[in-house]
Amino acid sequence: MTFYGVELSSRLLLGTARYPSPAILGEAIKASGAEVVTVSLRREAGTERGGQSFWSFIRALGLRVLPNTAGCHSVKEAVTTAHMAHELFDTKWIKLEVIRDDETLQPDVFGLVEAARILSHDGFEVFPYTTEDLAVADRLVEAGCRVLMPWGAPIGSARGLNNAYGLKSLRAHFPDIPLVVDAGLGVPSHAAAAMELGYDAVLLNTAVAEAGDPVAMAKAFALAIEAGRMACRAQPLEPRDMAVPSTPMMGRASLGD
Amino acid sequence: MRIIVNGDQHDVEPETLASALAALGYGGRKIATAVNGRFVPQAIRDSTRLAEGDQVEIVAPMQGG
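Those protein sequences? They're chains L and V, same order as listed.
Mapping the first sequence onto our numbering, position 218 (from 1) lands on 218, and the numbers just tick up by one.
Mapping the second sequence onto our numbering, position 14 (from 1) lands on 14, and the numbers just tick up by one.
Incorrect hints may have been included.
[To be verified] Each computed DSS-like pair below joins lysine-lysine, with the alpha-carbon atoms no more than 25 angstroms apart:
1. L:Lys92 / L:Lys76
2. V:Lys30 / L:Lys92
3. L:Lys168 / V:Lys30
4. L:Lys219 / L:Lys30
[To be verified] Computed list of chain L residues with no C-beta within reach of chain V, every gap over 10 angstroms:
5. Pro20
6. Ala45
7. Leu61
8. Ala70
9. Arg117
10. Ile118
11. Arg139
12. Gly144
13. Ser157
14. Ile177
15. Gly198
[As the list claims (entries may be wrong)] Covered stretches of chain L, going by a simulated chain V footprint (3 or more residues, C-beta under 8 angstroms):
16. 12-18
17. 31-44
For the record, the hints were derived by calculation from the structure and aren't laboratory data.
All C-beta atoms, glycine included, are put in the ideal place defined by N, C-alpha and C.
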């Protein structure tokens, strides 16, 4: 799997927020096998040191980071945040979020496309957090995005793939663009389902971080993603309306009246 | 001179962004800055002069999803 020319073997991208402790975060990342972790940026007072110690922690992991623009509600905010993230994390990658609705954290797809165009022009490699809408995806590709990250369900909702049909259509429509289901997954079977649809990867955070045992859940997701990927490549059966006997009927003994 | 730093008022000597950051305890820190909503790269903090009422945003790395 290649994102903007970077070859990755793990198909799980993991968020770093909401873990019970930095130690558990570190163990969960290890158990997940993730090679990319998402990070963010927030205000810090001169007397605080949280951001500095988090940065040391992340740097020590030696993984690739994908900074986000979480919490941005306008194109201007998202673009400025992306530039700040570029300076802080020294990467051209940006997980672009422009949020419209605070209840559902639904992306503002109009602002998203505009911000993606500006940032791509500025040399960023944009990972847009979007919906499964085909026309929006098309606009994002036109704006320069070479990875698309449609939601499964609203962030943190643990509902899984709300619109599997829409996600499947998106896959069929963009066979050559890496597609990542980002957000809304709750259990490993959701991730397996995304991979069975032919998605390239899954981005998770809350489902692992807020599980009773985040480290075991990270491993469970990694296994499910591998299983789903393998199943997709093994060409699964299409669902049928009628039963088809699995045991051959030919040669069946005649024992009736 | 009064400026707004991360939403709070601070009194600083009329100076540059770089010297205000040092005075506020950010010296040598991993931070990114914006003034009045515009990104100010590290390389030009020294030459960026602050004015009365400027809104300075200072952010650091943090956990995210």
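To see whether the hints hold, each was checked on the structure:
For the hint pairing lysine 92 (chain L) with lysine 76 (chain L), the CA-to-CA distance comes to about 18 angstroms; that is within 25 angstroms, so the pair holds. A distance of roughly 18 angstroms separates the Cα atoms of lysine 30 (chain V) and lysine 92 (chain L); the hinted pair therefore holds under the 25 angstroms criterion. With a CA separation close to 42 angstroms, the supplied pair lysine 168 (chain L) and lysine 30 (chain V) exceeds the 25 angstroms bound. For the given pair, lysine 219 (chain L) sits about 9 angstroms from lysine 30 (chain L) by alpha-carbon distance, which is consistent with the 25 angstroms threshold.
The Cβ of proline 20 (chain L) sits about 12 angstroms from the closest Cβ of chain V, beyond the 10 angstroms cut-off, so the non-interface label holds. The claim that alanine 45 (chain L) lies off the interface is violated: its Cβ sits roughly 7 angstroms from the closest Cβ of chain V, which falls inside the 10 angstroms cut-off. With a minimum CB-CB distance of about 13 angstroms to chain V, leucine 61 (chain L) clears the 10 angstroms threshold, and the non-interface call stands. Consistency note on alanine 70 (chain L): stated as away from chain V, yet its beta-carbon is not over 10 angstroms from all of that chain's, at 6 angstroms minimum.
Against the 10 angstroms criterion, arginine 117 (chain L) stays outside the reach of chain V, whose nearest CB is about 18 angstroms from its own CB. Distance to chain V confirms isoleucine 118 (chain L) as a non-interface residue, since its nearest Cβ pair spans about 13 angstroms, more than 10 angstroms. Here arginine 139 (chain L) stays apart from chain V, with its beta-carbon at least about 24 angstroms from theirs, past the 10 angstroms limit. With a minimum CB-CB distance of about 20 angstroms to chain V, glycine 144 (chain L) clears the 10 angstroms threshold, and the non-interface call stands.
Every Cβ of chain V is farther than 10 angstroms from the Cβ of serine 157 (chain L); the closest lies at roughly 13 angstroms, confirming the non-interface assignment. At roughly 22 angstroms from the closest C-beta of chain V, the C-beta of isoleucine 177 (chain L) stays outside 10 angstroms, upholding its exclusion from the interface. Every CB of chain V is more than 10 angstroms from the CB of glycine 198 (chain L) (nearest about 24 angstroms), matching its label as outside the interface. Under a criterion of three residues with beta carbons nearer than 8 angstroms to beta carbons of chain V, the stated coverage of the stretch 12-18 of chain L is upheld, 4 such residues being counted.
Residues of the stretch 31-44 of chain L with a Cβ under 8 angstroms from some Cβ of chain V number 7, which satisfies the need for three, so the listed coverage holds.
Of the numbered hints stated above, those contradicted by the structure are hints 3, 6 and 8, listed in ascending order.
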